[in-house]
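Undergrad: Mapping of the sequence shown onto the UniProt record's numbering: position 47 corresponds to residue 47, and the numbering continues sequentially without gaps.
Be careful, since some hints might not be right.
As a list, the in silico BS3-like pairs of lysine-lysine whose alpha-carbon atoms are at most 30 Å apart [what the hints assert, rightly or not]:
1. K213 with K200
2. K219 with K200
3. K76 with K200
Pair ranges (Cβ atoms, derived) [what the hints assert, rightly or not]:
4. D38 with A314: 21 to 29 Å
5. K200 with A311: 45 to 53 Å
6. D67 with A303: 26 to 34 Å
7. G104 with R313: 38 to 46 Å
8. A215 with P60: 32 to 40 Å
9. R52 with G178: 30 to 38 Å
10. E280 with D259: 35 to 43 Å
11. A51 with E280: 16 to 24 Å
12. A314 with L62: 29 to 37 Å
Hints in this document: simulated from the structure, not taken from any laboratory.
No residue lacks a Cβ here, since even glycine has one placed at the ideal position from N, Cα and C.
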Amino acid sequence: MPGHVLISSLKNEGPFILEWVAHHRVLGFDAIHVASNDCTDGSEVLLEALARAGIISHTPNLLHPGDIPQHAGYEKIRAAHPIDRADWLMMLDTDEFLNIHVGGHRVQDLTALASGADIVSLSARSFSDLPQTAWQPGPVTRAFPMAHARHHRASQSVKTLTHDPARFGGIHNHHMIGFRGSAPLRVFSAQTGETQEIAKGTPLGDRLRHIPKEAVGYKLAQYNHYAIKTLDSYLLRRDRGRGAAAGKAGAANDRHTFDYFTRRAGRGTPEPSIQRYFAETDRLIAELLADPAIAAAHRACEAAHAAAIAAIRAAPDWT
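Modelling step: build the complete structure from the supplied sequences, incorporating the hints.
TA: Quick look at the structure:
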């Protein structure tokens, strides 16, 4: 089984899939597994094309009432693929890009520093909408170079890499749960380079989901989070519903509100560190687009996203 495995569970992320997959292949992930549910923008066609090319695997995520889409997707991936045999497992959304600051800037360079650790924790580096005012096709990591300050509320989120994932009972989007190994858990901090222990019985979410602002750091690595992009594209995210909460028919998305957008929009300073991957990522994207099925599916996703945005902008309440 490949050593470093990345999984994701998505809905209607079509225009952003190709860059995200290419970036994380460049970073050295040996396998990428993606689940998808209820897509209307062609995402599943693109994922299938990438799977046929051997770049990823794609697992349909048929949901039942009360399911949490992301959690259900992870479990379907776990049932379909031997991810429990991975050395290291990571969960990222398609608006999240791992960014390594040490060695050759590959994921292996980070985990090599975490010998004896069960988990590697990373802080978010949150990016704003600047300088864009309307969505246009192209790489997200190029379009949005302006990062929030370390003390910004959005920077307190954490994502993790998990060693020997078979020792955990479940998978959540920030971290695995239900540790069945010998306590305490050893957590290597990409924020500081230090290793700390989590005592048996401590809720993992208290340490591995959000952290105090004074604990945020980017010494060894970070994950870039492009949560809002532009307002028009963000409104599509709001309308598709939440991936990390059980959906209810007719219920409003109470997380991705206009306030969520405004707290993250219109501010930031340049943070160019991810540019070190651009040349390699561009080459891989070009190789992937040489496959006619991948190219056609990617163009169709972009067209569907543009059409959905045009409909939003044509609405009477658009300002």
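Undergrad: Is the distance from the Cβ of E280 to the Cβ of D259 consistent with 35 to 43 Å?
TA: With Cβ atoms ~38 Å apart, the hint holds.
Undergrad: Is 26 to 34 Å right for how far apart the beta carbons of D67 and A303 are?
TA: holds, 30 Å
Undergrad: Taking the Cβ atom of R52 and the Cβ atom of G178, is their distance within the range 30 to 38 Å?
TA: Holds, at about 34 Å.
Undergrad: Regarding the pair K76 and K200, is the alpha-carbon distance no greater than 30 Å?
TA: holds, 28 Å
Undergrad: Range hint 29 to 37 Å: satisfied by the CB atoms of A314 and L62?
TA: Given range 29 to 37 Å: holds, Cβ gap about 33 Å.
Undergrad: Verify the CB-CB distance for D38 and A314 against the hinted window 21 to 29 Å.
TA: holds, 24 Å
Undergrad: Can the restraint linking K213 and K200 be considered satisfied, given a maximum Cα separation of 30 Å?
TA: The hint holds at about 25 Å.
Undergrad: Straight-line Cα separation of K219 and K200 no greater than 30 Å?
TA: Holds, at roughly 28 Å.
Undergrad: Do the beta carbons of G104 and R313 sit within 38 to 46 Å of each other?
TA: Cβ of G104 to Cβ of R313: about 43 Å, so the range 38 to 46 Å holds.
Undergrad: Is 32 to 40 Å respected by the C-beta to C-beta distance linking A215 and P60?
TA: Check passed, 38 Å falls within 32 to 40 Å.
Undergrad: Determine whether the Cβ-Cβ distance between K200 and A311 falls within the hinted range of 45 to 53 Å.
TA: Roughly 52 Å apart at Cβ, these two residues keep to the hinted range, so it holds.
Undergrad: Can the suggested window of 16 to 24 Å be confirmed for the beta-carbon pair A51 and E280?
TA: holds, 22 Å
Violated hints for the displayed structure: none, as all numbered hints are satisfied.
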